[in-house]
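Protein chains: 2
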Amino acid sequence: MRVSTYPLVDAGEAAALVLEHTPILGSEMRPLADCAGRVLAEDLIAPAALPADPVSAVDGFAVRAADAGRTLRILGESAAGRPYAGEVAAGTAARILTGGVVPDGADCVVMFEDVTAAGESVTVPAALQPGSNFHAAGADVRAGERLIASGSALGPAEIGLAAAVGMPELRVGRRPRIALLSTGDELVEVGRTPGRGQITDSNRWALLAALREAGAEVNLLGIAPDRPDELRELVTRALQDADVLVTSGGVSVGTHDLVKPLLESLGTVHVGRVKLKPGKPFTFATLGAGKVAFGLPGFPVSSLVTFEVFVRPALRKMQGLAQLQRPRLAVRLGFDARAVGDRTEYHRVTLHREGRDLVAQTTGSQSSSRLMSLAGAHALVRVPPGDQGMERGSFSEALILSLP
Amino acid sequence: MRVSTYPLVDAGEAAALVLEHTPILGSEMRPLADCAGRVLAEDLIAPAALPADPVSAVDGFAVRAADAGRTLRILGESAAGRPYAGEVAAGTAARILTGGVVPDGADCVVMFEDVTAAGESVTVPAALQPGSNFHAAGADVRAGERLIASGSALGPAEIGLAAAVGMPELRVGRRPRIALLSTGDELVEVGRTPGRGQITDSNRWALLAALREAGAEVNLLGIAPDRPDELRELVTRALQDADVLVTSGGVSVGTHDLVKPLLESLGTVHVGRVKLKPGKPFTFATLGAGKVAFGLPGFPVSSLVTFEVFVRPALRKMQGLAQLQRPRLAVRLGFDARAVGDRTEYHRVTLHREGRDLVAQTTGSQSSSRLMSLAGAHALVRVPPGDQGMERGSFSEALILSLP
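Chains R and C, in that order, give the protein sequences. The opening position of the first sequence corresponds to residue 1 in this note's numbering, with each subsequent residue numbered one higher. The opening position of the second sequence corresponds to residue 1 in this note's numbering, with each subsequent residue numbered one higher.
Calculated from the structure, these hints are not laboratory results. One or more of the hints may lead you astray.
Between beta-carbon pairs, the in silico distance windows are [claimed, not checked]:
| id | chain 1 | residue 1 | chain 2 | residue 2 | range |
| --- | --- | --- | --- | --- | --- |
| 1 | C | Ala289 | R | Gly222 | 25 to 33 Å |
| 2 | R | Phe335 | C | Ala330 | 19 to 27 Å |
| 3 | R | Thr116 | C | Ala16 | 57 to 65 Å |
| 4 | C | Glu189 | R | Gly393 | 55 to 63 Å |
| 5 | R | Glu213 | C | Ala330 | 41 to 49 Å |
| 6 | R | Gly191 | C | Gly105 | 32 to 40 Å |
| 7 | R | Ala90 | C | Gln361 | 39 to 47 Å |
| 8 | C | Ala289 | R | Glu145 | 41 to 49 Å |
| 9 | C | Gln129 | R | Gly389 | 14 to 22 Å |
| 10 | C | Gly12 | R | Leu234 | 51 to 59 Å |
| 11 | C | Gly290 | R | Leu220 | 35 to 43 Å |
| 12 | R | Gly119 | C | Arg237 | 52 to 60 Å |
| 13 | R | Ser402 | C | Gly341 | 29 to 37 Å |
| 14 | C | Ala289 | R | Leu220 | 36 to 44 Å |
To be clear about the criterion: a stretch of chain C counts as covered by chain R if any three or more of its residues have a C-beta under 8 Å from a C-beta of chain R, and this derived list gives those stretches [what the hints assert, rightly or not]:
| id | region |
| --- | --- |
| 15 | 118-132 |
| 16 | 356-365 |
What the simulated footprint calls covered on chain C by chain R, stretch by stretch (three residues with Cβ under 8 Å from a Cβ of chain R suffice, anywhere in the stretch; the number is not a length) [unchecked claim]:
| id | region |
| --- | --- |
| 17 | 163-170 |
| 18 | 262-270 |
Just so it is clear, CB atoms sit at the ideal spot from N, CA and C, and this is done for glycine as well.
All chains, please: the whole structure from these sequences, using the hints.
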């Protein structure tokens, strides 16, 4: 047993070091059906205006506004996909359906409900506004307009927009490939009965979910073998295909810890301990060839909190996202929050609405082994170290995981 | 052309009708690796306490607090997975590593940094607190405790918790299976050049993304055939495997609309028009055998807004989620919001922080064909119909899509 030789790095400094050493991965073309949740890797520029032609927003009649109050002769019909080819001259009208092109000559559409139609003629209201009830050509999108900025996450509206301007595929950031490993002699596979001193490996499943939610593809390496040589070979092989190694456990100072020596032998350890609670043993290393490794602590809450603080922003950077951090909102504390020692604490809270405020309540004991402090939590509240703490009723910035 | 015979239903009333007629689908057992984003279908109850044994939170020595200030004989070591079998009697200590079981007899753990160790003996500080630096047996989870309520969405912490208590699989709500169809003679496939009066089918790709994000599995039926008989056969066949039919377009009042007659022939239309802008032609039907159909309007924004207001809550109910609606937050309006006519409007806004407030800015022209009003939008602000409107600076409830 020895005292760690790694300096205790400030949590913010460690997060900055991680991002500094994390590369942006390349991009790839993907069909629209696969683009949801991906990150646009180049600006989407409109190749042409939308709509290309003026299009009716309602069912009715395309007329000239100057013909207000008159009875007009109906020339024909303009339906979606079947435009009326002729011109609407003074004294005439064209029947028009929602989505139909407004014929040349017409400058407004009158809703069907507002006219009196009889046979081949139609009487329109006494007051008509030019430009009403249709979408003018170019009203939605101008040719050459930047529609979506590179670095944006693609959701339904963005994907619809890309389709609307005729893009069957988009250039998106490549997903990071992760090799995920649990370490610890005490671990047994979920479903087996743990013996005395043994526990079920839960981190692998929690981290698998967290990694995928952050856009990564995960290769599950299982529980690390006992022997350093076998472990090194397993990891080296997995890193041929992976961009990132993520381990949990085995980063404390004890005699049986394997991860820090492994990372030292494979590359450079930049962070070996952080002033963070939970999460002090968090380790970050670069492995050469643009690959990085995260050694997460073994306690379940520690591994997920360090994932949030350090790994998730890095995975977002790798995919080219402009926004790396979780959203932050001001929340009113419903409890006194005080850090126990000299480390920044991330206190897990639920949120509820009280008038205009979001009020944070503690999830109870913040022990690093107590997953119940994180299950159902809506946010993490950063509690500064030292005696100051934060009083019930004061406002604080919360890192939002989900909203109530 | 005819005036619609469907009554204009209030938007809230329509949403209630949809949920009333939407069934909760069955459940299925899924392995943990597939449970992220799924919905727990029965309470998760802890079969046993966690931790099963008291476990050290640090590297150090397990001792009796009554031995404070003394030099103790080191008996052996308790590492994670390799517990020390003997008892720590008065005057003795056991070396202990993070995750190691605290041996019988010991009632506290002293951190390695706080002792003076020499050979086979260790001198501990003059003041020791019983219970310090270890997780007591049962401190994290009590046997029989309800850990996660049925109806909860499963994220990383919930999945980790299920693993920790030894559940290799969980009972989750079945995903809704959707048959998705675009209708409209004006539609061309994305990537083909539209002729005059034609537009690219964008709704299918936007709705595919929205449906999947809401947890559904989607069968893409393409663009509907022109002829009612072919359409009916296609839909009938698809509904053998699908729980839900979703169409876009073809629900206005025009002569070329196919969807309402189709739904009338297959089941019962409960909603044929709503007092909602965008989204007036929204249609909802039950088809028998617990199947439902959503006829969404053809304009891109209308289809996505009616998806948000009506379809997404229904898909969440089908999966058994307790929380059906998007989260709502109070936002300060950065613009005057006024409804144009007698329909409730969902105005698309971006959000930004100003001090403790979230401030909503309009995304510009709210035309139902302008997807740019929804791309990058963070929220929908509900604007009541009539002249009242909502003034810049006033607070409003916003339906949150994402946070800035």
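Quick rundown of the hints versus the structure:
Against the hinted window of 25 to 33 Å, the Cβ-Cβ separation of Ala289/C and Gly222/R comes to about 44 Å, which falls outside the hint. Against the hinted window of 19 to 27 Å, the Cβ-Cβ separation of Phe335/R and Ala330/C comes to about 22 Å, which satisfies the hint. Range check, Thr116/R to Ala16/C: Cβ separation about 37 Å, and the 57 to 65 Å hint is violated. Roughly 58 Å separates the CB atoms of Glu189/C and Gly393/R, a value that falls within the hinted 55 to 63 Å.
As the Cβ distance of Glu213/R to Ala330/C is approximately 27 Å, the hint placing it in 41 to 49 Å is violated. Between Gly191/R and Gly105/C the Cβ separation comes to about 33 Å, which falls inside the hinted range of 32 to 40 Å. Restraint check, Ala90/R to Gln361/C: a C-beta distance of roughly 43 Å satisfies the suggested window 39 to 47 Å. A hinted range of 41 to 49 Å holds for the C-beta pair Ala289/C and Glu145/R, which are about 47 Å apart.
In this structure the supplied range 14 to 22 Å holds for Gln129/C paired with Gly389/R, their Cβ-Cβ distance being about 20 Å. Taking 51 to 59 Å as the suggested C-beta distance range, the pair Gly12/C and Leu234/R conforms, at roughly 58 Å. Between Gly290/C and Leu220/R the beta carbon distance is about 37 Å. The supplied range of 35 to 43 Å therefore holds. Between Gly119/R and Arg237/C the beta carbons are some 42 Å apart, a value that contradicts the proposed interval 52 to 60 Å.
Remark: the range hint 29 to 37 Å for Ser402/R to Gly341/C is upheld by a beta-carbon distance near 36 Å. For the hinted restraint 36 to 44 Å between Ala289/C and Leu220/R, the CB-CB distance of approximately 39 Å keeps it satisfied. Remark: the region 118-132 of chain C is not confirmed as covered by chain R, as 0 of its residues place a Cβ nearer than 8 Å to a Cβ of that chain, below the required three. Using a Cβ-Cβ cut-off of 8 Å, 4 residues of the region 356-365 of chain C lie near chain R, which meets the minimum of three, so the contact claim holds.
Given a C-beta distance limit of less than 8 Å, the hint that chain R covers the region 163-170 of chain C holds, as 6 residues qualify and 3 suffice. Beta-carbon proximity to chain R at under 8 Å applies to 0 residues in the region 262-270 of chain C; the threshold of 3 is not reached and the given coverage is violated.
Figure legend: structure checked against the earlier numbered hints; hints not met, in rising order: 1, 3, 5, 12, 15 and 18.
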